[in-house]
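*Asks:* What follows is the residue order along each chain.
Number of protein chains: 2
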Amino acid sequence: MRILVTGGAGFVGARLARALLARGALSGRAIGELVIADQFPAPADLAQHPSVRVHVGPMLEQLALFASGFDSVFHLASAVSGECELDFDLGLRSNLDSTRCLLEGLRQAHAATGQVARMVFSSSVAVYGPNPPAPLPDWVDDGQLPSPQTSYGAHKLMCEYLLADYSRKGYIDGRSARLMTVTVRPGKPNGAASGFFSGIIREPLAGIEAVCPVDASVSHCMASPDNTVAALIAIHEAPREALGGRYGINLPSVRVTVGEMLQALEQVAGPRVRARVRFERDERIAGIVNDWARGARFGRAQALGLRADASFAAIIEQYIADCRRTGNTAALRGLDG
Amino acid sequence: MRILVTGGAGFVGARLARALLARGALSGRAIGELVIADQFPAPADLAQHPSVRVHVGPMLEQLALFASGFDSVFHLASAVSGECELDFDLGLRSNLDSTRCLLEGLRQAHAATGQVARMVFSSSVAVYGPNPPAPLPDWVDDGQLPSPQTSYGAHKLMCEYLLADYSRKGYIDGRSARLMTVTVRPGKPNGAASGFFSGIIREPLAGIEAVCPVDASVSHCMASPDNTVAALIAIHEAPREALGGRYGINLPSVRVTVGEMLQALEQVAGPRVRARVRFERDERIAGIVNDWARGARFGRAQALGLRADASFAAIIEQYIADCRRTGNTAALRGLDG
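Top to bottom, those sequences are chains Y and R. For the first sequence, the residue numbers in this note's numbering are 1 to 337. For the second sequence, the residue numbers in this note's numbering are 1 to 337.
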């Protein structure tokens with residue numbers, strides 16, 4: 001079978017690609033070719049893999065690729081929330097138009113050969129927000145009326161409805177996985193308003209001071225990269241009937257406050273690491289985060305057999321193990337001993 | 001002030017334009033110019049009005065017009081549900097891309113001069129549908145989770161979220177009026193799946209046999225053109241604060257079954273007129289209508305002081321009075337006496 005991973009050079013995308021290659025199969029079929037489409041070059045291990053083909057460039061220029069006949073698509077390419085708030089056109093182009101281009105390519109393939117690609121779209125918990133006069137509920141569930149408070153969330157939601165309509169028409173077999181905040185992201189901050197959720201763990205572990213722009217009482221929905229990748233694959237493998245005629249699915253998450261995240265950091269890495277985080281409120285970030293879900297139930301994912309990470313400490317441990325496995329000693333320079 | 005009415009040559013649009021010209025003012029300001037943008041020529045009375053300017057052509061070619069500085073916009077141009085189900089690209093182009101082009105023009109005007117156009121978008125009760133495993137509730141209200149079952153409804157909903165995001169960013173001051181099924185439409189059937197709701201009244205009054213493609217027990221949400229136009233103007237005039245931070249509003253409607261519609265027809269026009277309707281099920285139409293709202297509550301519109309038509313008989317009487325006023329005797333050829 002032939003698989004496309006958009007955003008396959010990114011953090012979650014590359015991890016998903018590696019997981020797929022390690023399995024060698026998806027939905028019971030051997031993976032013949034895995035195509036990575038990204039605006040950035042793919043990591044060397046993927047680019048050099050004999051089953052991988054890489055297309056570097058903007059999605060909007062890849063219509064012919066998208067129409068070239070895929071059995072399965074994981075659409076992860078996306079501009080992130082913070083940068084879309086700063087650049088409105090970027091959000092429209094990268095998140096709305098690019099998804100349309102992909103859907104259109106798949107529809108062309110369907111028209112040409114009858115092939116119905118199964119597509120998992122990375123939507124986001126950012127589709128949720130308050131519905132005045134009702135405040136945001138303490139927990140959002142799969143059936144909560146979405147009301148995005150960022151362009152990022154608005155475009156993700158619009159794409160969910162577009163995917164649902166393409167699916168209803170039979171052009172694709174789509175599913176929208178509402179990703180939670182994936183932590184701990186390695187590397188540099190990426191412009192997402194949620195970036196600090198990783199930063200306040202990653203920087204202290206690397207021996208760097210970190211600033212938390214929101215209060216310790218702020219709670220949010222966290223998932224590890226491994227848990228997220230496993231959920232994306234499981235949602236792909238779920239038969240269409242298991243979705244029950246609906247397309248959006250909250251991915252599993254652990255609900256934690258920033259204070260609890262730092263407690264977990266202290267538990268895993270010690271008090272000196274924890275002490276590298278200081279609080280300095282950023283009104284722009286705090287304002288965005290204030291409208292985000294504080295906790296998310298994931299009944300539909302549970303019905304598919306999915307589970308959340310065991311704890312936030314386990315999420316930190318996954319990150320440390322990743323750094324060790326890849327020999328990234330600089331990332332753990334701040335660890336005691 | 002300068003007003004734009006897209007679809008202003010159409011049934012509701014032309015009526016709205018006439019109502020605005022008759023008032024001479026909107027939101028307390030004198031109407032200096034009313035621009036009608038439509039792919040069809042405007043009716044002569046509008047085209048010849050000294051305050052009216054007409055632009056004929058596809059919306060996608062009118063970006064410069066949209067950016068030319070409007071205080072108020074009523075966006076009614078739309079391809080209808082039945083034709084969008086038959087022509088997927090038409091729906092994307094006419095309902096999604098055209099709305100984007102309009103929003104983009106208004107954003108350009110805002111960037112150039114700081115002007116924030118107030119915009120009323122004609123969304124639709126077609127945004128609602130069943131949310132499996134939950135069936136469509138017997139009544140939908142403003143807070144029902146939308147789940148459109150047609151491309152028409154999907155694109156309307158996407159535009160609602162786009163309008164909300166443009167409004168949140170301050171580029172426009174938008175509102176999405178979810179129109180109910182407007183009856184009685186004059187003239188020929190227009191390709192809307194809901195067209196028969198007008199046809200089973202209009203054709204018998206004209207002395208023509210009519211076919212009803214759904215069962216007499218089917219109920220739906222009806223509004224007269226006058227009631228709809230009055231609601232569009234009221235929603236325009238509502239201060240932003242009255243919307244309470246939300247953008248979608250169900251317009252008022254009368255809930256009636258097809259059987260009750262025909263009873264009202266008999267009451268207003270006599271049994272010989274009623275007898276011109278026969279039932280012949282059309283599975284395609286019946287399938288679409290089966291997923292539509294059977295009744296719609298309109299609490300948000302009520303809070304703005306809006307009311308539904310008094311009865312379906314009153315809606316028929318409005319149509320007959322219209323035909324008489326415009327000298328359209330052919331339309332009433334089937335009336336006894």
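In case anyone wonders, no lab produced these hints; they're calculated from the structure. Please read these numbers as outputs of a predicted model, since none were measured by experiment. For every residue, glycine included, the Cβ atom is placed at its ideal position computed from N, Cα and C. A few of these clues could be false.
Which bits of chain Y does chain R cover? Going by a derived footprint, with three or more residues having C-beta under 8 Å, they are [stated by the list, open to error]:
hint, stretch
1, 128 to 136
2, 234 to 247
3, 276 to 286
Distance windows between CB atoms, simulated [unchecked claim]:
hint, chain 1, residue 1, chain 2, residue 2, range
4, Y, 1, R, 130, 28 to 34 Å
5, R, 53, Y, 53, 39 to 45 Å
6, R, 190, Y, 240, 33 to 39 Å
7, R, 190, Y, 286, 34 to 40 Å
8, R, 89, Y, 186, 38 to 44 Å
9, R, 53, Y, 170, 42 to 48 Å
10, R, 245, Y, 299, 25 to 31 Å
11, Y, 217, R, 53, 53 to 59 Å
12, R, 89, Y, 217, 45 to 51 Å
13, R, 295, Y, 299, 26 to 32 Å
14, Y, 303, R, 314, 44 to 50 Å
15, Y, 259, R, 61, 51 to 57 Å
16, R, 190, Y, 53, 44 to 50 Å
Computed from the model, here is a short list of chain R residues facing chain Y with C-beta under 8 Å [said to hold, decoys possible]:
hint, residue
17, 131
18, 148
19, 161
20, 165
21, 244
22, 320
*Asks:* Compare the structure with each hint and give your call.
*Replies:* Hint-by-hint comparison with the structure:
Residue count for the stretch 128 to 136 of chain Y with a Cβ under 8 Å from a Cβ of chain R: 5. That meets the three needed, and the coverage hint holds. Judged by the Cβ-Cβ criterion of 8 Å, the stretch 234 to 247 of chain Y is covered by chain R as claimed, because 3 of its residues qualify and three suffice. Against chain R, the stretch 276 to 286 of chain Y contributes 0 residues with a C-beta closer than 8 Å to a partner C-beta. That does not satisfy the three-residue criterion, and the hint is violated. One distance hint, 28 to 34 Å for the beta-carbon pair residue 1 (chain Y) and residue 130 (chain R), holds here, with the actual separation near 33 Å.
Under the hint 39 to 45 Å, the C-beta atoms of residue 53 (chain R) and residue 53 (chain Y), about 54 Å apart, miss the expected range. Taking the beta carbon of each, residue 190 (chain R) and residue 240 (chain Y) are about 34 Å apart, inside 33 to 39 Å as hinted. Between residue 190 (chain R) and residue 286 (chain Y) the beta carbon distance is about 50 Å. The supplied range of 34 to 40 Å is therefore violated. Between residue 89 (chain R) and residue 186 (chain Y), the C-beta spacing of about 42 Å keeps the proposed range 38 to 44 Å intact.
Take residue 53 (chain R) and residue 170 (chain Y): their Cβ atoms lie about 44 Å apart, and the range 42 to 48 Å holds. Between residue 245 (chain R) and residue 299 (chain Y) the beta carbon distance is about 28 Å. The supplied range of 25 to 31 Å therefore holds. The hinted window of 53 to 59 Å between residue 217 (chain Y) and residue 53 (chain R) holds, with their beta carbons roughly 56 Å apart. A hinted range of 45 to 51 Å for the beta carbons of residue 89 (chain R) and residue 217 (chain Y) is consistent with their spacing of about 50 Å.
With their beta carbons about 28 Å apart, residue 295 (chain R) and residue 299 (chain Y) fall inside the hinted range of 26 to 32 Å. Range check, residue 303 (chain Y) to residue 314 (chain R): Cβ separation about 48 Å, and the 44 to 50 Å hint holds. Hint check: residue 259 (chain Y) to residue 61 (chain R), Cβ distance near 56 Å, so the stated range 51 to 57 Å holds. Roughly 48 Å separates the CB atoms of residue 190 (chain R) and residue 53 (chain Y), a value that falls within the hinted 44 to 50 Å.
With its C-beta approaching chain Y no nearer than about 7 Å, residue 131 (chain R) sits inside the 8 Å limit, and its interface hint holds. Look at residue 148 (chain R): its Cβ gets to within about 7 Å of chain Y, closer than 8 Å, so that hint holds up. Nearest Cβ of chain Y to the Cβ of residue 161 (chain R): about 5 Å, under the 8 Å cut. The hint holds. At about 4 Å, the closest approach between the beta carbon of residue 165 (chain R) and any beta carbon in chain Y falls short of 8 Å, and the interface hint on this residue holds.
Because the closest C-beta pair between residue 244 (chain R) and chain Y is about 5 Å apart, less than 8 Å, the hint holds. Annotation: interface hint on residue 320 (chain R) violated; nearest CB of chain Y at approximately 39 Å, more than 8 Å.
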